[in-house]
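Protein chains: 2
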Amino acid sequence: MLERFKVPPDIAVKVQEDALRDTVTSVFRKMGLEESDCALGADVMVKADLRGVETHGVSNMLRSYVKGYNEGSINPRPNWKVLRETPATANIDSDRGLGTVIAPKAMEIAIEKAKNVGVGMVTIRNGRHLGMASYHAMMALEHDMIGLCMTSCPPSVLPTFGAEPRMGTNPIALAAPADKEPPFVFDAATSTVAGNKLGLARRLGNDLAGGWVADSDGVPIMDDVPPPVPGYEGKATSFLLPVGSTREMGSHKGYGLACIVDILGGVLSGGGFGMNPGRPNFGHYVAAYSVEAFMDTGEFKRTMDEWIHMLESTKPAKGHDRVLYPGRPEAEEEAKRKVEGIPLHPEVIEWFQDICGELSLPYTLT
Amino acid sequence: MLERFKVPPDIAVKVQEDALRDTVTSVFRKMGLEESDCALGADVMVKADLRGVETHGVSNMLRSYVKGYNEGSINPRPNWKVLRETPATANIDSDRGLGTVIAPKAMEIAIEKAKNVGVGMVTIRNGRHLGMASYHAMMALEHDMIGLCMTSCPPSVLPTFGAEPRMGTNPIALAAPADKEPPFVFDAATSTVAGNKLGLARRLGNDLAGGWVADSDGVPIMDDVPPPVPGYEGKATSFLLPVGSTREMGSHKGYGLACIVDILGGVLSGGGFGMNPGRPNFGHYVAAYSVEAFMDTGEFKRTMDEWIHMLESTKPAKGHDRVLYPGRPEAEEEAKRKVEGIPLHPEVIEWFQDICGELSLPYTLT
Chain Y
1 MLERFKVPPD IAVKVQEDAL RDTVTSVFRK MGLEESDCAL GADVMVKADL
51 RGVETHGVSN MLRSYVKGYN EGSINPRPNW KVLRETPATA NIDSDRGLGT
101 VIAPKAMEIA IEKAKNVGVG MVTIRNGRHL GMASYHAMMA LEHDMIGLCM
151 TSCPPSVLPT FGAEPRMGTN PIALAAPADK EPPFVFDAAT STVAGNKLGL
201 ARRLGNDLAG GWVADSDGVP IMDDVPPPVP GYEGKATSFL LPVGSTREMG
251 SHKGYGLACI VDILGGVLSG GGFGMNPGRP NFGHYVAAYS VEAFMDTGEF
301 KRTMDEWIHM LESTKPAKGH DRVLYPGRPE AEEEAKRKVE GIPLHPEVIE
351 WFQDICGELS LPYTLT
Chain E
1 MLERFKVPPD IAVKVQEDAL RDTVTSVFRK MGLEESDCAL GADVMVKADL
51 RGVETHGVSN MLRSYVKGYN EGSINPRPNW KVLRETPATA NIDSDRGLGT
101 VIAPKAMEIA IEKAKNVGVG MVTIRNGRHL GMASYHAMMA LEHDMIGLCM
151 TSCPPSVLPT FGAEPRMGTN PIALAAPADK EPPFVFDAAT STVAGNKLGL
201 ARRLGNDLAG GWVADSDGVP IMDDVPPPVP GYEGKATSFL LPVGSTREMG
251 SHKGYGLACI VDILGGVLSG GGFGMNPGRP NFGHYVAAYS VEAFMDTGEF
301 KRTMDEWIHM LESTKPAKGH DRVLYPGRPE AEEEAKRKVE GIPLHPEVIE
351 WFQDICGELS LPYTLT
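Protein chains in written order, with the working numbering: chain Y, 1 to 366; chain E, 1 to 366.
Don't take every hint at face value.
The list cannot tell twin chains apart, which means a pair is met if one copy fits it or any two copies do.
[Unchecked claim] Heads up, simulated BS3-like pairs for lysine-lysine below, C-alpha to C-alpha not over 25 angstroms straight-line:
| hint | residue 1 | residue 2 |
| --- | --- | --- |
| 1 | Lys67 | Lys30 |
| 2 | Lys336 | Lys180 |
| 3 | Lys81 | Lys115 |
| 4 | Lys81 | Lys301 |
| 5 | Lys315 | Lys81 |
| 6 | Lys115 | Lys301 |
| 7 | Lys180 | Lys301 |
Hints in this document: simulated from the structure, not taken from any laboratory.
Kindly produce the complete structure, drawing on both the sequences and the hints.
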C-alpha cells in the first residue's frame, strides 16, 4: 500500500486479530444475521485488515454495513436462490444479501462445478457490497484451482473523454496457487485507486496524487491536489479516473476493463448495471478453474514458483530495492499483523467504542 | 487510435479489402500453409486493418510472419493436438503453428464446449504470434456468446519497480454481443501501448508520449520523447511500462493484469511463460461463455444496447465531443474502410512490391 494510505505509526492503535474478529462477529449478530454468516462476514473483513487491505477492512466498511442493515437496504436473512444453472454456470438472486456472505456461497458452487466439468462460473444479481474481492477468489486455492471475482459497483469513475461518472471502481481479483511461495493474488479496482482510498486520504489529511481524479469539466488533474478537489468544494469527493489516467497513457484500457466487469458482473447477472435507475447497485461474478483440467497440478505449481522467482529476481529500478509480485506484500503483511496486531486509526477505535455502546456490546478491542 | 499512430492522409495509399486479402492469401500459400489456413490467416490480418488496428495488420506483422516461416521458427503445417480435455476445458499443443490460424480452431472447440456445458476454455502451448486477439474473441458473437482471448508474449515490459523487462505486452480481448448496436469489443495490451506501436511511431517519425517507456534505470519517463529513448541509443527500442505508468498512478495494476495473462495463457498452458529460456514464446488462452447459460439472451442483448446508450450519452469532458465504448470506433472505421479502402504507408506498399517480386507473385494491390 502507498505510504500516503498507511495509518501513521505514532498514532496507530494495534488490535489483535481474535479480538477484532469477535467484535465484528458480535456486531453482525446484532444486525440479525444467521450465526454462520456472522463468523463468515467477520472473517472477510478481518482477512482484509490482516493483509493490509485497509480500504476493505473494518475501518471503512463496517460502519457502512451497519448503516445498510439499519436502513433496510441490506437484508440480514436473504432467501438467496439459483435462478438458472448448467454444468459450468449458475445465476443467483442474492435477495439483497451482503456480498461478503453471499459470494462465498456462490464460490462454493463454482468450485463444485469446476470439480465436475473443469470450470465453474456464477453471476449474482441483486447484490450488496462484496468486501475484499480476493477473499472469494482465494477460496479456490485450497482446491488447487484458480479463483476469480469481480463486482460491478455504483458509478464513481469517469469514462475516457467523459465528464460524468458512469462506471464503478469495478475491481478484478484473481488468485492462483503456487508451490512453496505464497499464492499469486491480484485484487485491484479498474480506477486509478479504489474509491475507499479517497475516504482514507480524507481521514489521514493527505493529498490525492496527480492522475487520480478529474476536475468538474472531466479534465484529468495531473498534479497532486488536496481534497476537496477544485470544482468539488462542499461535495464529499470528486470523480476518479480509470487506470491509465489520460487517453494518451491508456485510460481507455482502465475504462474498457471496467466495462468488462460491468458486463460480466452486471449485465450477465440479469440485474443490470450500476448506473441503471431502480436497479440494484452491485452485481457480482465469481469463477473457479480447475488446474488439473488443463495440466498436471504439481507441474503448474512448480512453474508458478519458478515464475515468481523470475519476477522477484528482476534488477530493481533506480530508487527501489525489490520487485514484488501480487500477493507477496499481502502475505508478508499478514504474517506480521498476526503477531503484532492490526494498526487502526484512533478515529476507528472511537467508532468501535461508540457502536459497542449503541448495540449494548462489551468493548474489548483495546 | 491516437492521431500520432495514423498514417498521414497526404501520403497514405488506399488499397481495397479484396485485393489485400488476395495478396496476403497468396503470400501464405507461398509459405506452404494449407489452403484453408491461407484464407483464414489473411482474414485475421485484413480484419485488423479494416478495424483500424494497424498494429496487428499487414504493415507490422506480415513481414514478421514471412521471416518466421522462412527461418523455420513457425511451422506452416502444424500437427496440433488436444493434450487434455474435460467437458469445459482443453489444452492444445499447437506444434509451432501461427496463432492466427490455430487460435480460431481452439475457439471453435471452446464454443462447442460452451454449447454443451455453458463455458468453454482452451489453453494453447507451443504457440506463435496470435494476430489481433479480438478476432478470436469475436468468433463467439455469432453464437450469442461472450468471447475472450489473451496471449502471453515475449518480454518487453518492465514490472513495477523493475529495470529489466519481464512481462510481454500480454493483451486481453473480450467481445460481448449487443442487440442493434455494434458489439462490445475490448482489445488492449496491458502495457501503456502495444509493442507494435513503438514500431509505428518509428515509421511515422513521431515522439513517444510521456508515461509509455522508462529510461535504462527503469525510471518512468513522464515527458514526450523522440526515439531512440536516452540510454537506448543504437537499440531497436526501450522498454514499455505497464498501463498506469507509475506506482502512484497504478502501474501495479497493469503489471498485475499482465501477470494474469502470463498465468492463464502461459503457465496454465503447460508451455511456461515468455521469459523462460528454451520455452516457446507465446502461450494463448481463449474462452467462450454462453449467455443463455446465465440468462435470457434477448434480454442480455437489449440490456447491452441500453448500457451502450448510457455510456454514449455521457456529457463529454471539456475539449472532447463524444464518449465512445470499446468496439464503436472500430465498427465505424470498418464501415468506412470497406468503402474507401485501407490506408497503407508508402513504405508498406514498397514492401509488398518487393515481397511479391521475391515470391514470384503478381503485384495487384495498387
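Outcome of the hint check:
In this assembly of identical chains, the alpha carbons of Lys67 and Lys30 lie at most 25 angstroms apart only when taken from the same copy (12 angstroms versus 69 angstroms across copies). For the homomeric pair Lys336 and Lys180, the shortest alpha-carbon distance inside one copy (19 angstroms) is at most 25 angstroms, but the shortest distance between copies (54 angstroms) is not. For a Cα distance limit of 25 angstroms, the shortest separation of Lys81 from Lys115 qualifies both inside one copy, at 21 angstroms, and across copies, at 24 angstroms. For the identical chains of this complex, Lys81 and Lys301 are inter-copy neighbours only, at 24 angstroms across copies versus 35 angstroms inside a copy, given an alpha-carbon limit of 25 angstroms.
For the identical chains of this complex, Lys315 and Lys81 are neighbours neither inside a copy (51 angstroms) nor across copies (38 angstroms), given an alpha-carbon limit of 25 angstroms. With identical chains, the CA atoms of Lys115 and Lys301 are at most 25 angstroms apart within one copy only, with a shortest distance of 18 angstroms there and 31 angstroms across copies. In the homo-oligomer, the alpha carbons of Lys180 and Lys301 lie at most 25 angstroms apart inside one protomer (8 angstroms), although the nearest pairing across protomers, at 45 angstroms, exceeds that limit.
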